[in-house]
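Number of protein chains: 2
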Amino acid sequence: MSGEFELILCDIGNTTFHFNIDGKEQKYLLSSSIPDFEEKIYYVSVNDNATAKLKLTNEDIVDLEPYIDFKTKYVGMGLDRKIACCFIEDGILVDAGSAITVDIIKKGKHKGGFILPGLKAYKEIYPQISHKLQFDLNTKVNLDKIPLCTKDAISYAILKSIIEPIKKVSKKKQLTFTGGDGELLSKFFDNSIYKKDIIFENMRRIINANDCIT
Amino acid sequence: MSGEFELILCDIGNTTFHFNIDGKEQKYLLSSSIPDFEEKIYYVSVNDNATAKLKLTNEDIVDLEPYIDFKTKYVGMGLDRKIACCFIEDGILVDAGSAITVDIIKKGKHKGGFILPGLKAYKEIYPQISHKLQFDLNTKVNLDKIPLCTKDAISYAILKSIIEPIKKVSKKKQLTFTGGDGELLSKFFDNSIYKKDIIFENMRRIINANDCIT
Numbered sequence: 013m014s015g016e017f018e019l020i021l022c023d024i025g026n027t028t029f030h031f032n033i034d035g036k037e038q039k040y041l042l043s044s045s046i047p048d049f050e051e052k053i054y055y056v057s058v059n060d061n062a063t064a065k066l067k068l069t070n071e072d073i074v075d076l077e078p079y080i081d082f083k084t085k086y087v088g089m090g091l092d093r094k095i096a097c098c099f100i101e102d103g104i105l106v107d108a109g110s111a112i113t114v115d116i117i118k119k120g121k122h123k124g125g126f127i128l129p130g131l132k133a134y135k136e137i138y139p140q141i142s143h144k145l146q147f148d149l150n151t152k153v154n155l156d157k158i159p160l161c162t163k164d165a166i167s168y169a170i171l172k173s174i175i176e177p178i179k180k181v182s183k184k185k186q187l188t189f190t191g192g193d194g195e196l197l198s199k200f201f202d203n204s205i206y207k208k209d210i211i212f213e214n215m216r217r218i219i220n221a222n223d224c225i226t
Numbered sequence: 013m014s015g016e017f018e019l020i021l022c023d024i025g026n027t028t029f030h031f032n033i034d035g036k037e038q039k040y041l042l043s044s045s046i047p048d049f050e051e052k053i054y055y056v057s058v059n060d061n062a063t064a065k066l067k068l069t070n071e072d073i074v075d076l077e078p079y080i081d082f083k084t085k086y087v088g089m090g091l092d093r094k095i096a097c098c099f100i101e102d103g104i105l106v107d108a109g110s111a112i113t114v115d116i117i118k119k120g121k122h123k124g125g126f127i128l129p130g131l132k133a134y135k136e137i138y139p140q141i142s143h144k145l146q147f148d149l150n151t152k153v154n155l156d157k158i159p160l161c162t163k164d165a166i167s168y169a170i171l172k173s174i175i176e177p178i179k180k181v182s183k184k185k186q187l188t189f190t191g192g193d194g195e196l197l198s199k200f201f202d203n204s205i206y207k208k209d210i211i212f213e214n215m216r217r218i219i220n221a222n223d224c225i226t
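Protein sequences appear in the order of chains F and W.
Under the working numbering, the first sequence has 124 at position 112, and the numbering climbs by one with no breaks.
Under the working numbering, the second sequence has 96 at position 84, and the numbering climbs by one with no breaks.
By construction, these hints were calculated from the structure, which means they are not laboratory data.
We treat Cβ as the ideally placed atom computed from N, Cα and C, and that holds for glycine.
A few of these clues could be false.
Said to hold, decoys possible - Just some of the chain W residues that point at chain F, by a computed CB distance under 8 Å:
#1 ILE137
#2 LEU149
#3 LYS180
#4 ILE205
#5 LYS208
What the hints assert, rightly or not - Some chain F residues flagged as far from chain W (calculated, every beta-carbon gap over 12 Å):
#6 GLU18
#7 SER43
#8 THR63
#9 ASP72
#10 ILE80
#11 CYS98
#12 SER110
#13 ILE112
#14 ILE170
#15 LYS184
#16 GLU195
#17 ARG217
#18 ASN220
#19 ASN222
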């Protein structure tokens with residue numbers, strides 16, 4: 013790889029190595045081979061086996077986990093959730109991926125959270141109940157009108173079952189959405205913003221805030 | 013079978029022949045053999061093949077569908093939903109089975125409805141997303157407190173995602189719950205009643221209201 017200065021970040025999940033190299037993204041399945049970078053790699057990981065694999069090909073790697081300043085009484089909170097939330101002072105973080113995690117932060121303190129199924133999981137569940145319930149999700153269904161056909165009845169229920177519990181806890185707080193379905197879901201809330209790359213964004217903030225590790 | 017007078021009702025679904033013989037219930041899988049009754053059988057059916065099977069073994073059968081007085085603009089509403097709703101003047105009917113159907117009736121008119129996944133489907137969906145999300149549903153989780161562990165985060169999300177959309181449409185209307193999880197869910201609502209056998213109850217009311225068919 014090039015010897016020029018690059019900031020290389022890696023978010024190690026349960027499916028991929030997700031690299032961000034000076035803002036450019038690259039994804040590798042955990043089973044595939046990954047590049048041997050010359051530069052230091054700053055990473056966060058929820059997967060020990062994958063971390064070990066990164067270490068085998070790349071010597072100069074820095075785990076950002078010890079630098080994450082996030083206090084919570086929540087037992088078993090994933091590192092990705094912590095990083096996504098760690099710079100929110102007051103608000104709600106919604107990470108809408110395969111699951112939808114909703115975390116509530118008040119005066120810099122994490123108050124807890126809940127976990128809804130992701131949109132893809134919702135879509136898959138209905139045909140498992142009955143083949144008569146197999147429909148595409150219509151994200152444009154009118155949520156102010158009670159549905160008058162099964163297709164709308166399912167789309168309405170999926171969206172309402174995600175939106176209403178979030179509205180219930182958010183009241184007028186600021187909502188930050190991230191994750192694959194974050195942009196879509198953010199549109200159902202007035203007081204919301206969507207941040208595509210909150211994990212990488214916050215990894216950069218952690219690096220900048222800790223001069224010692226750069 | 014006995015020649016004494018018995019009122020025999022049959023609710024033919026997609027899994028079973030569900031008989032009610034003078035209040036006593038008997039279930040037969042659609043694939044198993046069913047008794048040859050001497051008495052008339054009043055039935056409703058959502059399954060044509062199973063209806064044909066009932067006709068083969070029992071000559072004197074009466075389809076109650078034509079006697080159901082239920083008007084709706086909803087396209088494709090299942091007969092079981094119609095029967096459950098047909099005597100409600102103003103209120104919400106929640107049938108909590110493999111799916112949870114929610115129907116809204118105002119001044120004797122069906123305004124529409126929506127379809128949530130059933131509790132069993134919800135329970136099955138989380139482990140499909142990740143083995144880390146495999147937990148039993150805790151129906152006693154405190155819904156007034158933001159969860160502080162993953163087990164509670166899932167139970168809270170499942171219950172809230174069912175309860176909140178129903179509360180949103182019900183406001184102060186009377187809620188009638190039925191179905192396998194109806195009793196459990198009814199307890200989360202103040203203005204609710206639970207009717208275990210609303211289908212058979214309403215079949216009897218239809219028979220009584222139509223002397224000609226007894």
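Closer than 8 Å between Cβ atoms is the bar; does ILE137/W clear it against chain F? Give me holds or violated.
Check passed: Cβ of ILE137/W comes within 5 Å of chain F, closer than 8 Å.
Closest C-beta approach of LYS208/W to chain F relative to 8 Å, hint status
This hint is violated: LYS208/W lies away from chain F, its Cβ roughly 21 Å from the closest one there, beyond 8 Å.
Is ARG217/F truly not at the interface, in the sense that its beta carbon sits beyond 12 Å from all beta carbons of chain W?
About 25 Å separates ARG217/F from the closest Cβ of chain W, which puts it past 12 Å; holds.
Hint status (Cβ of LEU149/W to nearest Cβ of chain F, threshold 8 Å):
Status violated, d = 13 Å.
Any CB of chain F closer than 8 Å to the CB of LYS180/W?
Nearest chain F Cβ about 6 Å off; hint holds.
Please verify that the nearest CB of chain W lies beyond 12 Å from SER110/F's CB.
Violated: least Cβ distance 5 Å, not greater than 12 Å.
The output says GLU195/F does not contact chain W. Does that hold with a beta carbon cutoff of 12 Å?
Label holds. Min Cβ-Cβ 20 Å, cutoff 12 Å.
So is ILE112/F really clear of chain W, every C-beta pair being over 12 Å apart?
violated, 8 Å
Checking the smallest CB distance to chain W, is SER43/F really beyond 12 Å?
holds, 18 Å
Quick one: work out the minimum CB distance from LYS184/F to chain W and report holds if it exceeds 12 Å, violated otherwise.
holds, 17 Å
ASN222/F remote from chain W - nearest C-beta pair above 12 Å:
holds, 28 Å
Would you assess whether CYS98/F, listed as outside the interface, keeps its beta-carbon beyond 12 Å of every beta-carbon in chain W?
Holds, because the least Cβ-Cβ distance between CYS98/F and chain W comes to about 17 Å, which exceeds 12 Å.
Hint check: violations occur at hints 2, 4, 5, 12, 13 and 14; the rest are consistent with the structure.
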